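Residue strings, one per chain:
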Amino acid sequence: MEANLEQRGLAMKREEINVCVLRVGGTNCDAETKRAFDELGVQAEVVHVNEMVKRRSLLEYNALVFPGGFSYGDYVRAGAIWAKWILAKLGKELKAFVYENRPVLGICNGFQVLVEAGLLPGFEGISPYPEAALATNFPPGYNCRWVYIKHENDVKCVFTRKIPKGKVLRMPVAHSEGRLIFAKEKEKQYLKRLYENDQLVFRYCKKNGVYAEGRFPTNPNGSFHDIVGVCNREGTIFGLMPHPERAFYWWQQPDWTRRARMPQYGDGKLIFESLIEYLVKKF
Amino acid sequence: MTRRLYINRRTPFPLFEIDVLAATDKQLLKISREMGIGLNLQEIRAVQEYFRKRRRNPTDVELQTIGQTWSEHCFHKTFKGKIKFDGKEIDSLFKTYISKATEEINPRWCFSVFEDNAGIINFDKDYGIAIKVETHNHPSAIEPFGGAATGTGGVIRDILGVWADPIACTDVLGFGPLDYDYEKLPPGIKHPKYVYMGVVAGIGSYGNNMGIPTVNGAIYFDESYVGNVVVYCGCIGLLPLKKFRRNAKPGDIVVLAGGKTGRDGIHGVTFASAELTEKSEEISRPAVQIANPIEEEKLKRAIIEVRDSELASAITDLGGGGLSSAVGETAKRFDCGAVVELEKVPLKYPGLAPWEIYVSESQERMLLAVPQISLKRVLEIFEKEDVEATAIGKYTVDKVLRIHHRGEKVAELDIPFLFEPPKSVRTAEYKPANLEEPRFAEPENLTKTLLELLASLNIASKESVIRTYDHEVKGNTVLKPLQGEYGGPNDAAIIKPLKNSWKGIAVSCGMNPNYGKIDAYWMAASAIDEAIRNNVAVGGRRIALLDNFTWGNPEKPERLGSLVNACGACYDFATAFGTPFVSGKDSLYNESPLGPLTPTLLITALGVVPDIRSAVSMDVKAPNDSIYIVGQTFHELGGSEYYKLKGFLGSTVPKVRPKQARKTFETVTKAIDSGLVKACHDLSEGGLAIAAAEMAFAGGYGVKLNLREVPRKALNRNDFVLFAESNSCFFVEVLEKAREDFEALMKGNVYAEVGRVTKTPRLCIYGLEGDVVVDASLSDLLASWKRTLSSGV
Chain A
1 MEANLEQRGL AMKREEINVC VLRVGGTNCD AETKRAFDEL GVQAEVVHVN
51 EMVKRRSLLE YNALVFPGGF SYGDYVRAGA IWAKWILAKL GKELKAFVYE
101 NRPVLGICNG FQVLVEAGLL PGFEGISPYP EAALATNFPP GYNCRWVYIK
151 HENDVKCVFT RKIPKGKVLR MPVAHSEGRL IFAKEKEKQY LKRLYENDQL
201 VFRYCKKNGV YAEGRFPTNP NGSFHDIVGV CNREGTIFGL MPHPERAFYW
251 WQQPDWTRRA RMPQYGDGKL IFESLIEYLV KKF
Chain B
1001 MTRRLYINRR TPFPLFEIDV LAATDKQLLK ISREMGIGLN LQEIRAVQEY
1051 FRKRRRNPTD VELQTIGQTW SEHCFHKTFK GKIKFDGKEI DSLFKTYISK
1101 ATEEINPRWC FSVFEDNAGI INFDKDYGIA IKVETHNHPS AIEPFGGAAT
1151 GTGGVIRDIL GVWADPIACT DVLGFGPLDY DYEKLPPGIK HPKYVYMGVV
1201 AGIGSYGNNM GIPTVNGAIY FDESYVGNVV VYCGCIGLLP LKKFRRNAKP
1251 GDIVVLAGGK TGRDGIHGVT FASAELTEKS EEISRPAVQI ANPIEEEKLK
1301 RAIIEVRDSE LASAITDLGG GGLSSAVGET AKRFDCGAVV ELEKVPLKYP
1351 GLAPWEIYVS ESQERMLLAV PQISLKRVLE IFEKEDVEAT AIGKYTVDKV
1401 LRIHHRGEKV AELDIPFLFE PPKSVRTAEY KPANLEEPRF AEPENLTKTL
1451 LELLASLNIA SKESVIRTYD HEVKGNTVLK PLQGEYGGPN DAAIIKPLKN
1501 SWKGIAVSCG MNPNYGKIDA YWMAASAIDE AIRNNVAVGG RRIALLDNFT
1551 WGNPEKPERL GSLVNACGAC YDFATAFGTP FVSGKDSLYN ESPLGPLTPT
1601 LLITALGVVP DIRSAVSMDV KAPNDSIYIV GQTFHELGGS EYYKLKGFLG
1651 STVPKVRPKQ ARKTFETVTK AIDSGLVKAC HDLSEGGLAI AAAEMAFAGG
1701 YGVKLNLREV PRKALNRNDF VLFAESNSCF FVEVLEKARE DFEALMKGNV
1751 YAEVGRVTKT PRLCIYGLEG DVVVDASLSD LLASWKRTLS SGV
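So the protein lines, in turn, are chains A and B. Per the working numbering, the first sequence runs over residues 1 to 283. Per the working numbering, the second sequence runs over residues 1001 to 1793.
Simulated from the structure, these hints should not be mistaken for laboratory data. All values reported here derive from a predicted model rather than from experimental measurement. Honestly, I wouldn't trust all of these hints.
What the hints assert, rightly or not - Lysine-lysine pairs mimicking DSS-like chemistry, simulated, CA-CA at most 30 Å apart:
1. Lys1348(B) with Lys54(A)
2. Lys92(A) with Lys1095(B)
3. Lys1095(B) with Lys1786(B)
4. Lys1384(B) with Lys89(A)
5. Lys1100(B) with Lys1125(B)
6. Lys206(A) with Lys1759(B)
7. Lys13(A) with Lys1786(B)
8. Lys281(A) with Lys206(A)
9. Lys1080(B) with Lys1095(B)
10. Lys1348(B) with Lys84(A)
11. Lys1399(B) with Lys1344(B)
12. Lys1242(B) with Lys1082(B)
13. Lys162(A) with Lys1384(B)
14. Lys269(A) with Lys1125(B)
15. Lys1260(B) with Lys54(A)
16. Lys1448(B) with Lys1786(B)
17. Lys1082(B) with Lys1409(B)
18. Lys1184(B) with Lys1644(B)
19. Lys1348(B) with Lys89(A)
20. Lys1260(B) with Lys84(A)
21. Lys207(A) with Lys1759(B)
22. Lys89(A) with Lys1376(B)
23. Lys1423(B) with Lys1399(B)
24. Lys1503(B) with Lys269(A)
25. Lys1384(B) with Lys54(A)
26. Lys1376(B) with Lys1242(B)
27. Lys84(A) with Lys1384(B)
28. Lys1053(B) with Lys1394(B)
29. Lys1376(B) with Lys54(A)
30. Lys1704(B) with Lys207(A)
31. Lys156(A) with Lys92(A)
32. Lys1082(B) with Lys1556(B)
33. Lys206(A) with Lys1786(B)
34. Lys89(A) with Lys1659(B)
35. Lys1344(B) with Lys1376(B)
Throw the hints in and build the complete structure from the sequences for me.
What follows is the structure in structure tokens.
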């Protein structure tokens, strides 16, 4: 379907793209996420879910972002309440959105929401129950630090198409529930599928690209197989724990005072750019 | 049986009249004690007189309202009262020292100081920065997590209370030693480790949940904090000054927004104005509020929208004293009265007495004044965010506060009376501490001493705490709390609050409780100097200060004496440095069965960085660069971490020489602006040896130093030069080729080139005799520094 659209040469201009940054009580990374799109000349609108239910439709937008935060205080499991809420109130629209291959991005709490909603990993489309969990960190506790992540995706993920496979990126994480796990008995099978379907997107690694192999703090949360983020089978839904919007400008980097010259942007920009490029080509 | 003091009014809800008209002094005090309103005899007599004139007895609502309004916590009796000291009478510490300094400096960039919940200063274009630091010691001693979380929540509401959007938090904490002997712990006192874990988790939880980065802070350990934990929570906000509204008038509606009201936080302020005892836990547990950061996050969104739509005429937060303070203070501020209908206040559960509703300190509530015409729109904005907002009354023309509950009038008080409590007159005295300088031989192995010092609680890395706070959220943190690959301790954090401006703000702090054991005056002076030099080190200037006092019982003359001296230093050094106070807060009565805590003054400094691109971090950058010391080292080891390690206090407390210091600060700023400074780090706890070690391991390069070059006076021992804590000193890293330019700029200052950055990853220090006195690998230094608090305890 996507290929067809591309062949038909229906191009969309950057400024025509309309991204929705969804929020709810406890969302707190919406402003900087919107700022990243603004900076790239793309319209992004922060919309409260109440507003979406009452007066708007998800289908007005070309892409949807679930930003970071503590939706509803995350008082059950991180992301669980918002995920169920969305499915109950906007489930139909969300499914239509996904079936049309419109991209959905989940950052940190947003990733947790996508997993709880069964949208990720999405081995066979939207799952009626969570196929994975973002469990409490090991070592336990909230952890805010910059990490290195290695790009693992061949072609599938529309959010990383501008990033060569094997490239090491740097972004900050800040969470206490980011340890991606599968049911023990399904671990091997699911990992195999992630590779087969090209759904693995990033893994925690050292600066030189050597995988963390579960070692803290290179792997900041004890995530299975050092997994940072995954996409669905179609590559249109993507979730990750680190915050690309906090690694957007050069002056957000932790070591900019050590360098005589900094590239103008941080690695996080690549995620947003890849998305925009996909949208420009798709529509 | 004697005459009854409490008369039950026949109402469908609990309401008492209190018979003060005929009460004896003894009975008056009994009333004050039994109702938990904390009024002393002079005060409750004034209350008696007021009601005698009106020929009626007060209701419990009235007495509680007066008790809350006149509490130390709300009214700051000590800072506003009279003090007899040294044959003089000081009429208000606040006016005589703190606000006077600001008035004399009279900076044009102060937009609103000492008037509202937070100080506001001009920032860039039409934007202002609001800042406030609060203390939350008492609640945190009883319930560490809840106390610290609500402390953070409270100070964030102070920022919302001046229409500002919170953009960063700071926190400075003081605990007893984590290895404190359980056997020595008196009943009712919680172990420092428990308090430490709870407080840290509470602060992290609130800030992280609200999405406000915690960017600056400090943790001190002191034996005297075992009985009274010190919790300073600070918040910084950004506001478009054009949207600042402060023009409520009679007829405006009193709107209560946010969380529901319950019994949590009853008498928080009177509790905070008393000493802690064995029974505090039992009696005062209800005084600690319950935190719900997500409620406040929603509240924040709505308030910012109300601000931007210019729909309200005033705002304040509900903190200590709950509605009673917020309504009363707003009426007072706008010279009007108010009518409140208590049954309209949304409750968590039924059954609250009217006085409980009126004084409850339930969290996440704000009070707005809204012109009738905008009321509907304001309520809609709150509804959109899933926040409850209710009109509960109206501001009136007469200066009378009237409170109704279910049709019954339950209080009627004159606002002027409510804000004119009898002035306290207290006596202060000061006796210099009788201390001696210790005598001991210079240790043979100073490398070992350095490693021990690095591992000491006050110097050791606080990384395990810092990383549990989100310091990156909002994506505006330019200079982070931990610097370099290995997380060196930064001097100040820098935030870039505006998308279209390179201007930043630098936040730093200074606190030296250990010096206070020797002399409160020099302790205060040192805290001011440290806060400023930390700010200067990263490129901050045009510095505003905040003072936060944590002291013992001011009714005890010697405690008050040291407070007066510290205030004196605040005046002397704020004026000397041209750095005005813009806000502050005091927490007194910090006493427990273990005695008073060490008087602790926290100075927070807020500077402006004209262009964040020229900000400087503390880690060394490249081998072969020159290392300079700017400033002079004296025989000032009293209260130092070095003496502490050796088991001494000493008497030679570091002094501040403001003329020279101000010049040093200005020149370092010039050097930074000229691009000559590659790294800058202030010398503080542990002196130059610690500062050099931190710069080296943060940058990953070695440093070679020569003590003979260090500008010093009356110092002839290696250990003293290494570890003296003289104020106003910096290490500056300068590119080899830029040395001449740097030295030209430094002319007229005390400075010297003292060493080099080396490729070899070692700290190597040559002593006064030219021999090597310290030689340690960076990995050993780093390991010692990180070891102590590494596990998060």
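Hint-by-hint comparison with the structure:
| no. | hint | result |
| --- | --- | --- |
| 1 | Lys1348(B) with Lys54(A) | holds, 28 Å |
| 2 | Lys92(A) with Lys1095(B) | violated, 64 Å |
| 3 | Lys1095(B) with Lys1786(B) | violated, 44 Å |
| 4 | Lys1384(B) with Lys89(A) | holds, 16 Å |
| 5 | Lys1100(B) with Lys1125(B) | holds, 28 Å |
| 6 | Lys206(A) with Lys1759(B) | holds, 23 Å |
| 7 | Lys13(A) with Lys1786(B) | violated, 52 Å |
| 8 | Lys281(A) with Lys206(A) | violated, 34 Å |
| 9 | Lys1080(B) with Lys1095(B) | holds, 8 Å |
| 10 | Lys1348(B) with Lys84(A) | holds, 26 Å |
| 11 | Lys1399(B) with Lys1344(B) | holds, 22 Å |
| 12 | Lys1242(B) with Lys1082(B) | violated, 38 Å |
| 13 | Lys162(A) with Lys1384(B) | violated, 39 Å |
| 14 | Lys269(A) with Lys1125(B) | holds, 29 Å |
| 15 | Lys1260(B) with Lys54(A) | holds, 26 Å |
| 16 | Lys1448(B) with Lys1786(B) | holds, 16 Å |
| 17 | Lys1082(B) with Lys1409(B) | violated, 36 Å |
| 18 | Lys1184(B) with Lys1644(B) | holds, 21 Å |
| 19 | Lys1348(B) with Lys89(A) | holds, 28 Å |
| 20 | Lys1260(B) with Lys84(A) | holds, 26 Å |
| 21 | Lys207(A) with Lys1759(B) | holds, 21 Å |
| 22 | Lys89(A) with Lys1376(B) | holds, 27 Å |
| 23 | Lys1423(B) with Lys1399(B) | holds, 22 Å |
| 24 | Lys1503(B) with Lys269(A) | holds, 23 Å |
| 25 | Lys1384(B) with Lys54(A) | holds, 10 Å |
| 26 | Lys1376(B) with Lys1242(B) | holds, 23 Å |
| 27 | Lys84(A) with Lys1384(B) | holds, 20 Å |
| 28 | Lys1053(B) with Lys1394(B) | holds, 27 Å |
| 29 | Lys1376(B) with Lys54(A) | holds, 19 Å |
| 30 | Lys1704(B) with Lys207(A) | holds, 29 Å |
| 31 | Lys156(A) with Lys92(A) | holds, 25 Å |
| 32 | Lys1082(B) with Lys1556(B) | holds, 14 Å |
| 33 | Lys206(A) with Lys1786(B) | holds, 21 Å |
| 34 | Lys89(A) with Lys1659(B) | violated, 67 Å |
| 35 | Lys1344(B) with Lys1376(B) | holds, 16 Å |
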